[in-house]
Amino acid sequence: MPELTFTVNKHPHTLQVLPWVSLLDALRERLGLMGTKKGCDHGQCGACTVLCDGKRILSCLTLAVMKAGADITTIEGIASGDTLHPLQQAFIDHDAFQCGYCTPGQICSAIGMLREGKAHSEAEIKDAMSGNLCRCGANKGILEAILQVKQTVPHESI
Amino acid sequence: MNPFEYTRAGSIPEAVVAVSGEPNACFVAGGTNLIDLWKYDLTHPDRLVDVNGLNTDKPVTERPDGGVRLSAFATNATTAWHPIIETRYPLLSKAIGAGASGQIRNMATNGGNLLQRTRCYYFYEPQAPCNKRTPGSGCGALTGYNRIHAILGQSDSCIAVFPSDMCVALAALKVVVQVSGPQGDRVIPFSEFHRLPGDHPEQDNTLQPGELITAIDLPEEGFAQNYSYLKLRDRHSYAFALVSVATGLILEGDRIQEARIALGGVAHKPWRIPEAEGFLIGKPATRESFAGAADILLEGAKGYAHNSFKIDLAKRAIIRNGLMALSPDTQLPGARPSA
Amino acid sequence: MSQPSIGQPISRLEGPLKVTGAAPYAAEYPLPHLLYAYVVNSAIPKGVIQAIDTDAAKALPGVVEILTHTNRPALAAFDFQFADLDAPPGTVFKPLYDAQVRYNGQPVAVVVAEDFETARYAATLVRIRYEAEAFETNIDDQMQQARNAKKGLATTFKPPPPKPTGHFEQAFAEAPFKVQAEYRHLAEHHNPLELFATTVQYEAGDRLTIYDKTQGTINNQVFIANAFGLPFKKVQVLAPYVGGGFGAGLRPQYQLFLAVMAALHLKRNVRLTLDRKQMFTFGHRPQCIQQLQFGADDSGKVTALGHQALTETSRYEDYTEGIAAWSHKLYPADHTKFKAQVVPLDVATPLDMRAPGGVTGLHAIECTMDALSYELGIDPLELRLRNYAETDPASGKPFTSKALRDCYLQGAEAFGWNERHPAPRSMKRGHKWVGYGMATGIWDAFQFPARVEMVLRPGGTLLVTNATTDIGTGTLTVMTQMAADAVGISMQAIEVQYGDSKKPFSMFQGGSAMTASVGAAIAKVGRKLQEILFGKASRIKGSPLAKATFDDVYFENGWIRLRQFPEQAVSFAQILASNENKPIAVKKLVGPDALKLRKYTKASHSAAFAEVEVDEELGTITVTRALTAIAAGKIINPKTAGSQIYGAMLWGISKALHEGSVMDSQLGKYLNDNYAEYHIQTHADVPQMEVLFVDEPDPLINELGIKGVGEVGMVAMPAAIANALYHATGKRITNLPIHFDQLLEP
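Chains as they are written, first to last, in the working numbering: chain H, 1300 to 1457; chain X, 172 to 510; chain W, 332 to 1077.
Isolated chain H (complex conformation) (with noise of 0.2 Å):
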């Protein structure tokens, strides 16, 4: 079985995993990250975004064995010890999720996106986190606390 050595949320991680292991199923059965989440599990939700060397992907169509040497971070990762990424904090005061089922993969989408630094204005920011699906109809809350984190946070502090 193809090993595999990656480093996942800053610690290295070294798998036996089947070439057939997505990068989602990695994460969630065999490491029991399970804050990266399967919505459809075919790229059409955004619920399993993850940062992989610092740019937001989808970990659900991924092979793990892909990512071999890789540096992934996921929602479990975003966070500094207790203190909240300024972020997460913003998505809870902006109540930007009811179920929360996409929580961690827009939180993770929306720091890759502001990484980016290509999407400048709401309408940017709207098309820009259009993979990232919200059923509950929580995106209202979810681009405002995008907006206030943008206005409010240093750029080298997401």
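Worth flagging that the hints you see were computed from the coordinates, not collected in a lab. Note that beta-carbon positions come from the ideal geometry of N, C-alpha and C, so glycine has one too. Don't take every hint at face value.
[To be verified] A short, non-exhaustive set of chain H residues, derived as facing chain W with CB atoms under 10 Å:
id : residue
1  : Phe1305
2  : Thr1306
3  : Gly1338
4  : Asp1340
5  : Gln1343
6  : Cys1433
7  : Ala1437
[What the hints assert, rightly or not] Computed far set for chain W versus chain X, every beta-carbon distance over 12 Å:
id : residue
8  : Pro495
9  : Gln532
10 : Gln567
11 : Lys608
12 : Lys970
13 : Asp995
14 : Ile1011
15 : Pro1028
Dock chains X and W against the given chain H, drawing on the hints supplied.
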């Protein structure tokens, strides 16, 4: 969902050898379409040869002939946001940005974008007949729900459309595709890369077994002054085009010196008719001129029970996008119609 | 006295867990030696399974078992043992029960393996031979089969429409102004973002701890115990975090049944997660055809209301929803005719989906009223005001409260309704036609019986328990707020335990009923606890409350104080100390006061306003602004309640413009059974939105005056959008969803 072997290729020749050595081996890059199809049990590779990371140190390079080379292995996002592309080929940048989602654009590669398979419902549904999926089984879309289907270039075997946005811009830009294969390297003009379905809709393109796209070469002219990409769909983002248009113009005064128009969402390949572009040369950049070009582009269009609206819609979109190209700053995120 | 917790915009208490990924959902409980199950679904809509060949699948290393109707363990013998609290009249579908295929995608086998990938692959290797039978999934071909629905337990919540009044046909024929039209809706699927999943922890002696995706822990506990012949005590269903329900979790779904079957059969821990395609194989909002006929006199008074609804159901259960009767709860008319029938098709039984019946019926009703307003030349809002019902026109009963007029007026003011130019296709902004539309909403205010236990624990913390779920509604947070005020203790000192069938009784979480249901119980149990605490406090030796009566004191922050001399007080800690530090517990079942409420109609109301832009050349639709004014009694938490309404408004917009499950009647199957082609709104589709809660005190309806907010925010929005599109373009599109190409000018 079947098990498969996995190899990471260290070079292009290594990748080509690995794939051409086995009947059911295929390249994997972003995986955004292949892994999707595999999970739907629609494709059954025995081996995936990972080509990620090949030639990505230089995703975009300027060439001596004045053109620009895109690495096939660079991601869509890297390409769209590269300063050379943003400044010299903004039409391509906008078209890429209108496709899929931010995450998918960070994964999907340029080469992979050319190889996307259709989003036809019947192709994705194993219970349905589909000549593209199972040659000889028939076409469920012909008499089924065909709102998203082709109006141009289709056959009785297949009315599926090619779903890419990026490729609509590439068609308008008249790029060429560099491929490496077991028989060596060759260059395919973009207009010959994708096929019309004919009697063999299972073949999306003219690549031969074992051939790997290595680069896409853009000619010098990028239509950076007057361009527009317009995408019409049922929601404002993260949806495939019902109709899309890429337009590039070179103007001299109010007259059109050169024009390029390509349509997406209407055919088995990006739809471009050189005669329509020729029609515009020397004409004023007006609604009437674009309407004339639209008529040529849509000549012979045929609709079905649910998609006849596309014929008229495509004409309107060509006209509107021609006018939007006169002031490219009117474009909105998601390639929506101008305000 | 400090401020009450009720009415405060408290952030969700479970928020930190949800934003860090630490809140576990049904498929996320780690268990040792866990097996993974994967379902095989039928590939035909109707017929008989002749043979199932599992050899190839079984030969795969790691495959533990494959269960089908031929080798499944024994199940309960009688149909009623499979019925759940939300089962419609008929014969419940029992997975793997027999060889019959009743609808496309019905589960026909379950593969159990040591890992997920193996189970999923093995499922593709199961070969099934069918004898296919002729099927019908096209409602238009089956209109002659329309009939009245059978009656059963569920009929009590969903009564058939009332008998006709007056002389409808004559009144409609003679009405000087009238409108009639047909409205059609596609089927829709709930598609909560979390996939339906169950993790079963098996312990010796068939004791099951089940982590399930459900809106009703007790409903599913009872269902599993009955179906598998287990004592109730041996079955515990837990669902503290539920990734969206929207009605899909009101009934136990087949993944629960199959996961339990596999766990019992193998005596192992089992997890079963459906995939997104399978999320389209167990229930949906039914496709519907409605005929509306409204007539009015010269003054704009509605004189005749006619509403017929035809919905699909399955061959095995008669699912119904209350679609046709709403207009007569909103508008007085002497002549009415309502009819609701079902058409059985070879599909899965439909299933309540957010605002069932209401959003379907009100779309047609409120579009018809809009059309009538143009016939009459009366402003659409003014037409509603001229037909305003002070009492329930259908029953003649008064409402417990009704602040709909305030919704209309405050909503119109905030929206800027008076800036609307009355003529269709008369407002323009750049390349876009602009339209304003409005519509009325109404929803029954339900309250179910609920049992709540409160325990004042040593250390002074209060434990509050109930079996309810919190499907994202904010139930945990509002329960804590209500308990704080009911007992007089800070929210920080309260622990609410919920989402567990072992906790005191709760119905499933649906119908916008849960806050009222648990709220009434919390209020009564809290009061009882206060009485006990006061009794104990006054008996403490030297108690400053010794001579006081209950009315002389107030409870605040864990203290009982004399109203006149607040410094004269006894703390809960002192009471506990005097009670030998033993916990003090109260438990009570509380239901609605049926005797009193029988004389009233209980309903929440809303008024929705929407602005749309339609491209003049391309027809593309953008909802630019949406506002909803809500009259729903007491709002416990404006933050979470506001989110319920915002979410519901987006559901309304999504229904109006995006959602629809496309049935191919040659295949008997939904074509767009995925998130790429079953569209819901994206962030880019979200308009500028506003919610107004109008003041609506309601001392009659229940202890706290609560009516519920889950659905009343949705019901009016599709009509408001459709009406705005008419105003923008002059095109009246009566089918949902509305696609932009329908607005293209010829």
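Quick rundown of the hints versus the structure:
1. Phe1305: violated (18 Å)
2. Thr1306: violated (18 Å)
3. Gly1338: holds (5 Å)
4. Asp1340: For Asp1340 of chain H, the interface hint holds, since the closest Cβ of chain W sits about 6 Å away, which is under 10 Å.
5. Gln1343: Interface hint status for Gln1343 of chain H: holds (4 Å vs cutoff 10 Å).
6. Cys1433: holds (7 Å)
7. Ala1437: holds (6 Å)
8. Pro495: holds (38 Å)
9. Gln532: Holds, because the least Cβ-Cβ distance between Gln532 of chain W and chain X comes to about 27 Å, which exceeds 12 Å.
10. Gln567: Holds, because the least Cβ-Cβ distance between Gln567 of chain W and chain X comes to about 33 Å, which exceeds 12 Å.
11. Lys608: Answer for Lys608 of chain W: violated, closest chain X Cβ roughly 8 Å.
12. Lys970: holds (27 Å)
13. Asp995: violated (5 Å)
14. Ile1011: Ile1011 of chain W is in fact no farther than 12 Å from some Cβ atom of chain X, at 8 Å.
15. Pro1028: Fine: 41 Å to the nearest Cβ keeps Pro1028 of chain W off the interface.
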